[in-house]
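**Q** Protein chains in written order, with UniProt numbering: chain A, 1 to 279; chain B, 1 to 322; chain C, 1 to 543.
Treat each hint with caution, since some may be false.
[Unchecked claim] Straight-line distance between alpha carbons at most 25 Å, and here's what the computed SDA-like set of lysine to any residue pairs gives:
{"hint": "1", "chain 1": "C", "residue 1": "K83", "chain 2": "B", "residue 2": "S218"}
{"hint": "2", "chain 1": "C", "residue 1": "K423", "chain 2": "A", "residue 2": "A33"}
{"hint": "3", "chain 1": "C", "residue 1": "K83", "chain 2": "B", "residue 2": "L15"}
{"hint": "4", "chain 1": "C", "residue 1": "K423", "chain 2": "A", "residue 2": "P194"}
{"hint": "5", "chain 1": "C", "residue 1": "K423", "chain 2": "A", "residue 2": "S171"}
{"hint": "6", "chain 1": "B", "residue 1": "K71", "chain 2": "B", "residue 2": "L15"}
{"hint": "7", "chain 1": "B", "residue 1": "K198", "chain 2": "B", "residue 2": "V209"}
{"hint": "8", "chain 1": "C", "residue 1": "K423", "chain 2": "C", "residue 2": "A375"}
{"hint": "9", "chain 1": "B", "residue 1": "K198", "chain 2": "B", "residue 2": "S138"}
{"hint": "10", "chain 1": "C", "residue 1": "K83", "chain 2": "B", "residue 2": "Q206"}
{"hint": "11", "chain 1": "B", "residue 1": "K198", "chain 2": "C", "residue 2": "K423"}
{"hint": "12", "chain 1": "C", "residue 1": "K83", "chain 2": "C", "residue 2": "P60"}
{"hint": "13", "chain 1": "C", "residue 1": "K423", "chain 2": "A", "residue 2": "S170"}
{"hint": "14", "chain 1": "C", "residue 1": "K83", "chain 2": "B", "residue 2": "R130"}
{"hint": "15", "chain 1": "C", "residue 1": "K423", "chain 2": "A", "residue 2": "P36"}
{"hint": "16", "chain 1": "B", "residue 1": "K198", "chain 2": "A", "residue 2": "T205"}
{"hint": "17", "chain 1": "C", "residue 1": "K83", "chain 2": "B", "residue 2": "S133"}
{"hint": "18", "chain 1": "B", "residue 1": "K198", "chain 2": "B", "residue 2": "A268"}
{"hint": "19", "chain 1": "B", "residue 1": "K71", "chain 2": "B", "residue 2": "V272"}
[Stated by the list, open to error] Here chain A is said to cover these stretches of chain C; the calculated rule only asks that three of the stretch's residues, wherever they fall, bring their Cβ under 8 Å from a Cβ of chain A:
{"hint": "20", "stretch": "364-376"}
{"hint": "21", "stretch": "453-467"}
Calculated from the structure, these hints are not laboratory results.
Heads up, the beta-carbon is just placed ideally off N, CA and C, and yes, glycines get one too.
Each chain is listed here by its residues.
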Amino acid sequence: MPDSVTRRRTWSLPRQPGLVLSAVLLAAVLLAAVAPGVFTGQDPITGVPAERLRAPSPAHLFGTDETGRDVFARVVHGASLSLRATVLAVLVALVAGAAIGLLAGFRGGWLDAVVMRVVDVLQAVPAILLSLAVVTALGFGTTNVAIAVGVSNLAAFARLMRAEVLRVRSSVFVESARASGVRWPGVLARHVLPNAAGPVLVLATLTFGTAVLEVSALSFLGFGATPPTPEWGALVAGGRNFLATAWWMTTLPGLTVAAVVLATNRLSRALDGERSELR
Amino acid sequence: MTAVIRRLAQAIVVLWAAFTLSFVILYLLPGDAVLTKLGSADGGINASPEQIAQVRAEYGVDDPVLVQYGKRLWAALHGDFGRSIATGDDATHQVLSALPPTLAVSGFALVLAVVFGGGIAVLGTYTRARWLSHLLLSLPPLGISLPSFWVGLLLIQVFSFQLGLLPALGSTGFASLVLPSVTLALPTGAIIGQVLAKSLRTQLAQPYVEIVRAKGASRRRVHFGHALRNAALPALTLVGVVAGNLLAGSVITETVFSRDGVGRVTAAAVSVQDIPVVQAVIVLAAFFFVTLNLVVDLLYPVLDPRLARVPGELTRRERSHA
Amino acid sequence: MSADLLEIRDLSVCYRTRTDTVHAVRGVDLTVAAGEIVAVVGESGSGKSTTAHAVLGLLPRGGRIDAGQIRFAGQDLTGLSEKDWQAVRGTEIGLVPQDPTVSLNPVRRIGDQVAEVLLIHGLADRREAPARAVELLRRAGVAEPETRARQYPHELSGGLRQRALIAIALAGEPRLLIADEPTSALDVTVQREILDHLEGLAAESHTAVLLITHDLGVAADRAARIVVMSDGAVVETGPTREVLAAPEHPYTRRLLAAAPSLARTPLRPRRPPGPDVLVAVTGLAKTFPLPRTRSGPRAVRAVDDVSFTLTRGRTLALVGESGSGKSTIARMMVGLETPTSGRITFAGTDITRTGGEELRRLRRRFQLVYQNPYASLNPRFSIEEVVAEPLRAFRVGTRAERRARVVELIDQVALPASVLRRKPAELSGGQRQRAAIARALALHPDLVVCDEPVSALDVSVQAQILELLVRLQDELGLTYLFITHDLAVVREIADQVAVLRAGRLVEFGPADTVLADPRAEYTRRLLDAIPGNTRVDIGDTQR
């Protein structure tokens, strides 16, 4: 998705440094998730006891932790797990939410009423609590955290998809397609879905940022991967006991999370703006 | 009057549905609380079959699902969510007794969020200095993107360890309230600021604003006398929604600042899969959400005359579409 | 003329967006004398509205005056500070806006909004302002002004809201009133009353009016002088009588020829009903349920006992104002709405009794063309996909045959083949409506129902689409049911006319009879309300 944005916007790129920076950062993080070796050669799991709690330096960009592990290496290696959880969470929310919304919007009637009341309730319980409930039931671990975050974001997708389906369904061009004799399945596949998909995908990019935050929050609380496997939220939590002496252990991993969220939000805003310009 | 009663009935239905939802998630998803209980007590599952059976009977997990649901719903109606698996105490009591410190932080945070979020939006759209407007209006998107656990730790570092102004941890005295409240207020205030700013911009572009300006009205009159009141409507709806989130956010802030409260109780309960306590917290959160939205809904017709005479209910969704 | 109240010299306005600059107004000269009514006429995008807003210092975001002067009572307005502008607006220059339904603050009472002008300029204190506001509403022709003053905008009709806005505009007793398309959002009969009233008030208080309009008929009725604008520049200006009688600029001539409200000749000779009845409507009625209230369920009877027949190859115009039920009838004719009672017989088949697959088969024979070509084409389709859609739906021919048919249709509606690959958004309104017509013709229908097909288009484009429809009817032997609110359009194309009011048929007969010698009182009122009727004094500019 970032590709299509940059390609279509090439002419205005110099005027949007923030957007370029965001795209570059996200590309780097994705690369780190796939091939962490590109960024660091240091071991994220076993440290060098002699180099405990070193401040950031050229040798250790983000400093070292209490067992002498390079914090930058742990952040880079943590990208894989943290991003995988985020992507899974967004997929769960997108697929399940969109399917529910599509069904409710297209079938209408009592099914719509029941489904939307359930969605109302899902939104009445704050997202973190909802995912904590799912974690309580399913148990800990990165995958369960991802599913929990996905479930807690599902309602927004269902609601948007339903609204989009209803909007497109009641639009004049869909009626004119019906009046020209197109059957409902054709209307759904050729008119409703392509026109409803855009806003839903924009929401997906926006949810990506939220999901990074929620996944790392649950990981911070200790419900994610078991140590010493690096995960962004857990890294920040690990530095809590050294707040007074080793600021880098909390500040720099947290900054990474913040930067990723900012970059995705910037990109999704650009996507959203492009959509509304096209309209 | 009938509208109020109908709205009240709706609120009760949502509460019931929240209970049902939490029951489905907590009791019907795979995972066995009984084994967890015995496991956590003995450091491994080596209890005798009799012990297991006894505990299972105690928690009623052997009954058919609908019977379990009926029993639990009946008990919940009497304020009984069962006994904490971890401590054996009454779950309701455990949660409610942790409530006061959480309410103090949440209330203070809500005030901060409304004042600063709203202030940034109003000033950012009102000022004619472009740099100031850009600066102010770029704050809410930033605030939404920052992980609150990290913000809390940063605040501790700066204000407690570097400057020594405020206590880092604990839950006694007003000073200990400040940093957690700021942390909790940040995402909420950012959302309020973002929505109000957007809504103000939309209102300022409405044709009626042109007429007000054509009357010879000053900027101030246009902004505060006309646009703000129209723009406040969606923001008010939002306050009802995000205020419920403050309770959830306290899970993070209370952990970061080691404060007593519902958030800490929740985090502890989740880590030992203490289902009764988690369910009590969820229903409590839904109760707050429902109550706040009830208040907002009843306030709405006062602010918007278009809703005053509409019989029956308008859901939040319909309103945001209007 | 030194007595000019407003004098615009060489005004240029541009809009800067992030990507480019649009010169909306280029070197416009314009004067308005005290107490005079001057009309600025032009189509959308002509710069007429921008000029008007520049006079009030209320250019939209990104708009800037590049060059020129706007002198008002001897003072140059272009250099005014925001504070000085506030003193001018309301007391020197007032504004009557285009769309009354969105021009009042929805959460404040009507009376307060009128009184606000008095309070801003210190013309009344808080105690006397409410009573003065009521008086102003009364003067603006609002009945029961005491009640209305206490109400909110949503409780008032569009016409009443426009009267309230006139009261606001006149409250500060300005010397110049800018009326920006003041009635184009209202029904014709209401439009007439409002303009009459506005004209009367202006004359009474010797207020000058700068009337912005797209309708040459409105300008002809009201203005002493006319300024014709096109593409940001003034192309012709002069006393109304002279401009209309002997237009010098070709654009003015085109505008005049195209102005539907002034055209008086049919595009082709009218024909009597044919021998072959294609559609017969008997006792048609449609009731829509309304939300329940305390007094029990309510319903609105949108169509009430309507009967008419339409013979093959002819055009029947269904005329009425908003709420007359004309669109509901159109939708029932093509099976998109089910009648509550009554029958619609199409070529011998009662379509109200058919449904499902049988109805779908019948759809090949009647097609609908919508009012708004912006909304009726899927924005993601290419024009080729749009036109080919009915062919696909009925599995007509092979892919190559369908393509050939689409090319033929596009040619029939006089669109260049290059549009086939384009998206609707890349086409002009007129081109889109042609594409929509091509789609409607794809399956060789017998009947085409046109629901206000030209009302969303500029007048010169309207004329072209109407000509196209007439040509296609002759070539293909089509039958038209033509829904419109515009009696002038009826004049041009109808063979028979049915006049509707509040769901009931008030008159039905041959077009010439209905238009020249209406039997129903309501039809007469509709005819009288057409702008351009009162002072018609137009030279031989018709084709």
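**Q** The structure should be examined with respect to each hint, and the outcome stated for every one.
**A** Hints, verified against the model:
{"no.": "1", "hint": "C/K83 with B/S218", "result": "holds (8 Å)"}
{"no.": "2", "hint": "C/K423 with A/A33", "result": "violated (40 Å)"}
{"no.": "3", "hint": "C/K83 with B/L15", "result": "violated (54 Å)"}
{"no.": "4", "hint": "C/K423 with A/P194", "result": "holds (15 Å)"}
{"no.": "5", "hint": "C/K423 with A/S171", "result": "holds (17 Å)"}
{"no.": "6", "hint": "B/K71 with B/L15", "result": "holds (17 Å)"}
{"no.": "7", "hint": "B/K198 with B/V209", "result": "holds (16 Å)"}
{"no.": "8", "hint": "C/K423 with C/A375", "result": "holds (13 Å)"}
{"no.": "9", "hint": "B/K198 with B/S138", "result": "holds (12 Å)"}
{"no.": "10", "hint": "C/K83 with B/Q206", "result": "holds (22 Å)"}
{"no.": "11", "hint": "B/K198 with C/K423", "result": "violated (31 Å)"}
{"no.": "12", "hint": "C/K83 with C/P60", "result": "holds (18 Å)"}
{"no.": "13", "hint": "C/K423 with A/S170", "result": "holds (21 Å)"}
{"no.": "14", "hint": "C/K83 with B/R130", "result": "holds (19 Å)"}
{"no.": "15", "hint": "C/K423 with A/P36", "result": "violated (44 Å)"}
{"no.": "16", "hint": "B/K198 with A/T205", "result": "holds (20 Å)"}
{"no.": "17", "hint": "C/K83 with B/S133", "result": "holds (21 Å)"}
{"no.": "18", "hint": "B/K198 with B/A268", "result": "violated (39 Å)"}
{"no.": "19", "hint": "B/K71 with B/V272", "result": "holds (24 Å)"}
{"no.": "20", "hint": "364-376", "result": "holds (count 7)"}
{"no.": "21", "hint": "453-467", "result": "violated (count 0)"}
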